[in-house]
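Participant: Input sequences plus hints: build the corresponding full structure.
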Amino acid sequence: MSEETPSIRLPDPTRLVVSNSPHMRDKPTIKRIMFTVVAAMAPACVAAVLFFGVAAVQTLLLCVLSCVFAEEGWNKLVKRSSTWKDGSAILSGILLGMNLNAGTPWWVCLLGGALAMILGKQLYGGLGYNPFNPVLVARVGLLIGFPGIMTTWDKPAMGVMAVDGVTAATPLGLAPGETFVKDMLLGNVGGCLGETSAIALLIGGAILLWFKLIKWEVPLAFIGTVFVITGVAHLVNPEAFHSPFVHILTGGLLLGAFFMATDMVTSPMTRKGCWIFGFGCGLITSLIRLWGAYPEGVSFAILFMNALTPLIDRGTTSKPFGFATPVKGEA
Amino acid sequence: MITAIIAVGILGAVLGVVIGFVAKAFAVEVDERIEQVEELLPGANCGGCGYAGCADFAKGVVAQRATPDQCPVCSSEDVVAIADYLGISAEEKEKMVALVRCSGDIPNTVRSLYNGVRDCRSAVLVAGGAKGCDYGCLGFGSCAEACPFGAIEMRDGLAIVHKELCVGCENCVAACPKDLILMVPAAATTHVYCNSPEKGAAKRAVCKTACIACRKCVKASGEEDHMEIDGFLIRSNYENPPAAELVEAAACPTTALRVDTEHAKGAYQGASK
Amino acid sequence: MSDKPRKFKGGVHPNDSKALSAHKAIEAAPLLESYKVIMHQNIGAPPELVVKKGDAVKKGSLLAKAGGFVSVPLHSPTSGVVKAIDKVPGPTGISVPCIEITADGEDEWESPFEPIADWKNTDPAELKQRVWDAGVVGMGGAGFPAHVKLSPPEGKTIDTLILNGAECEPYLTADHRLMLERADDVALGCAIIARILGLETGVIGVENNKPDAIAALRDAAVKHGVTVQALPVNYPQGAEKQLIYAITGREVPVGKLPMDVGCVVQNVASATAIVDAVVKGVPSIERVTTVTGKPLVDPGNWLFRIGTPISTALELAGGITEQPAKLLLGGPMMGIAQSSLNVTVMKNTSGVLLIAQDEVSQYTSEPCIRCGRCVECCPMSILPATISQAVENKRFDWAEKLNVMACIECGSCSYSCPSHRPLNQHFKRAKVEIQAGLRKKG
Amino acid sequence: MAVLFANQERNKGYFIMLSEFLVITIGAILVNNFVLSKFLGICPFLGVSKKLDTALGMSGAVIFVMTLASLVSSLINQFLLVPMGLRYLQTLVFIVVIASLVQLVEIILQKLSAKLYDSLGIFLPLITTNCAVLGCVVLNAKSAPDSIQATWYGATIYGFCSALGFALALILFSSLREKLDLADVPKAFEGTAISLVTAGILAMAFLGFSGLV
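Protein chains in written order, with numbering that gives the first Met the number 0: chain A, 0 to 330; chain B, 0 to 272; chain C, 0 to 441; chain D, 0 to 212.
Hints were generated in silico from the structure; no laboratory data involved. Incorrect hints may appear among the rest.
Said to hold, decoys possible - List of simulated lysine-lysine pairs, BS3-like, C-alpha gap at most 25 Å:
hint, chain 1, residue 1, chain 2, residue 2
1, C, K393, C, K439
2, C, K82, B, K198
3, A, K318, C, K255
4, D, K186, B, K58
5, A, K84, D, K186
What the hints assert, rightly or not - A few chain D positions that, by computed beta-carbon distances, are all more than 10 Å from chain A:
hint, residue
6, M16
7, L91
8, D117
9, A182
No experiment lies behind these values; they were computed from the predicted model shown. Built from N, CA and C at the ideal position, the CB exists for glycine as well.
Facilitator: Below is the structure:
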């Protein structure tokens, strides 16, 4: 007892923390999640640099820097605590870079970063509150503002560390019938930095799925819907419409399906909601690609579905445990 | 020209008949007096009257379920105006203000380390909150948030009522999970800022400004009966409230006895241990 | 009843850390000089005091009698004198009244009732009365009077008895040791409760991570005509509603009790307390409690009498090697943090746990990033993220619409939240506010 | 079935009509959305979008008024104003029709759902001056004489679909605003400011549909 063993050390009650249960926390933090996604982007970044050379490095760096500085500048301006270290601004920067083409002028990159971080995110109160994917807000904003710049793509030149100034159209803009499947898998086609190498994007997507950072329902429903709709269109009229494989492997579909549509903040939380979300993205993308004025519809589709997300979440809440069975012998 | 007049005229007549018919079929009675009373009310929707906002209160007043003076915000002239409008008599009532019966700000109290939602009603669900004293102000400002008139200031983790801004709506009373807030006559100026029924030593262990029931103030008030003794706690007798001079005469050793305006200015320091 | 238990939706898998104390046999704590028995140890009405200051009491003497149907009597843990009716810090942090007993060291026994050896031929009503007289409460944590659960109201038929031996809380091993060392009594308790309810048999549900306890129970169960059901390891497997679902496939409707789906759930520790009360004539004055945590020198399981201060429990475990961040009563998922060592062991104190500084950092709440992890793991299938945002904005009407009342406060959502949001505290608050609102409405 | 396919010529006519309806529907709801690409009816769009429930009520009211106004105005225009050479009275007559319809909705709503009536408040009578309703009616009256919109059924469908487009924008926007209610928006941007930003981004998203029809 206490008299026999006075040397026993007991906790100092004044240094005990009181807080609500639970008193254990799982390991993942926002920072960890963000940097895992950054790591998942790495293969696509490497592929982009391989194909587009120094210009790709420049675009990516500019975007990341502008995002980080825009976020920090805003936080300073409205006197909020610094948030760039959580990694979300860096991730947005990389994603924005992947959505631009290699030869994008420096000022467009900077403007894009500011649009994404301030208009798309900080005006709403920062991470977690933005209803739209900030990167897509920036991309669509730039696309509407500078359609010329945003739709001229450099032709990739494997191994050449400088852009030769030759431009190429995205395969979606070319006449159907030509097949690029092998080139597209590797990434040897025109397009934005992140739109070219399907294999690199698939590796990244696999990483995200492995760490359970994205819900598999979204990319599956998204890509599946595009495949089915464009497939039917291609079967009906192969002259006018590309084969579904072209649709899947080209443009920002893989990038969008794995990295943009799955953004946690702006996609539904429920599994059922994710199916609907993915299906909606796929449907709108296909509509715009097949009949719309823009050759590419992924950004618009995701942005539109972002707006639908609160409604989807509301409509797909599953019945709480204990609501499923009626009470026996009671009205 | 004629055709135009006739066409528009017929059109108007037809539409008028339809609307008239529908208006009759779907008629709803509205008492105009309700709107008038609502105009006269302050429109703060503070709920201090016990009704859900001013519109609801106006309905109650017109239906004679409530009396105009139940509105804590209305000045007496407003009350008379409403009463005159409805042709009922108005009674004068004494103005009441809120009193936070605690003086334990951060420098004067022992606190436990608390990690969680910074809101009194949430904090009190976890280990009784963040202060050593079970009865004291938690200092997360739920009352200040509840006050529609900005009369409560949070200073050093203690809620302080600015009497001149308080209209007596009692929203803060319901907001405090520790039942610390008492409505007292605005005329009373001197209060004991403590609400702990614990023994003196137990109180002193956690707070430097607790009332330790030394009864100096009771003695100083002499025969006048200004103070009430309630176990280990002394209160002002609000039937016969003490004057500000009592504070000096009593020389409260813990400064729990205070004049409200001076308290709001932060003029008191806790007793050194 | 299927052989394979169902898996309830959601749940988390925290590191269980049970190895610290799972191998330590239950030791009886030595007799102390004084005990501070907290008066109100059950959910429901507080008991009424029957002793006064200066009274001499024996071990087992009645200290307070039940203050209503949903209330249980309180008995003295040892012989001695009632020194004072005092106050001690209660488990929720607020000081509560207690009866302080100075032990005379004799530990003289006075049974308040006779043992019932032939329980098989005793009237179930008498057995139930005995459970009440002995002051048995739900010893898993809630402290709900056991006899109330055994008294289904008119018109409700009970067809399943479940003994809860899941012990899904990390760190805790008290039930594990109890099931291992007193397997026979656990099975016997199950049989006695079954008789009170008029049932033939009962099921003992045990999580798969206690294979030795399952083996021991299986042998004993055959003897007493009850069955043992191994359950998958998934927190909160031991929550009443999830346990009933796992074993019977029935969902207890929100706001209803297990009785409403024909089930009664008792903790295994309550079952042994009932055996003590019926067969040995001993009231509920002691319990097995795990004293554990990484900062402790020698964690283990002890048989404490009620009223033992936590400081004594920590001394028995050899004291600490480093200052812990938190002291908890109960497990790390649902336990209550304490800021005083004067809290005493109660009938429902299943564990005394120290959490090391490096195990739980002081967290700051960050905005929700809508990752959906809380939605995935919520065993009640509600939307924790949305509800917490509603509560943050004081929109309790909204929270109610989102079924916050279904929340069982298991803490899985807060555990899994990467933004470290105090979700559970928000829900607790919302439930209190909504209930207060309902009371106001009448 | 055989009868249906017997008259090739007539079937072709149906098909063309059907595709024309489709064009009107998609055009009015998505591509030329009244709120987000024509920027008509912004007043209730911002005014009653704070809560989803009121937005739903407002949507219902607008759908009712816009469909009926299109039908009635088209009939009056086609069979009264045009034959009598009173085209110059169009605006006047349309406003009278809309005002009466709004009055009807108001009276009926006050009786049937006083709560919704209260929450819509001033915006209910303001449907009268809602440029979306008048715009829709005027667009019908101004459409090419051989287009489907010039017929009374085409006009009604156009009115109904335009109202649906308005409802879609309003409901989307209100669900977003409910979410914004919980957001930690900087003080300077709280309320209408952030709502307008959101409306802008929503309009950008709708821009993607351009060229669909």
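Participant: Hint by hint, say whether it matches the structure.
Facilitator: A quick look at each hint next to the structure:
Only pairs whose Cα atoms come within 25 Å are accepted, and K393/C paired with K439/C is accepted, the gap being roughly 18 Å. Under the criterion of a C-alpha separation no larger than 25 Å, the hint pairing K82/C with K198/B is consistent with the structure, at around 18 Å. About 16 Å separates the Cα atoms of K318/A and K255/C, which keeps this hinted pair within 25 Å; it holds. A C-alpha spacing of about 36 Å is found between K186/D and K58/B, which places the hinted pair above 25 Å, so the restraint is violated.
About 24 Å separates the Cα atoms of K84/A and K186/D, which keeps this hinted pair within 25 Å; it holds. The claim that M16/D is not at the interface with chain A holds, since no C-beta of that chain comes within 10 Å of its own (minimum 20 Å). At the 10 Å boundary, the C-beta of L91/D stays outside the reach of chain A, the nearest C-beta of that chain being 38 Å off. Distance check for D117/D against chain A: the nearest CB is about 24 Å away, which clears 10 Å, and the non-interface claim stands.
At roughly 4 Å, the least C-beta separation between A182/D and chain A is not larger than 10 Å, which violates its mark as non-interface.
In this structure, the earlier hints numbered 4, 9 are contradicted, and the remaining ones agree with it.
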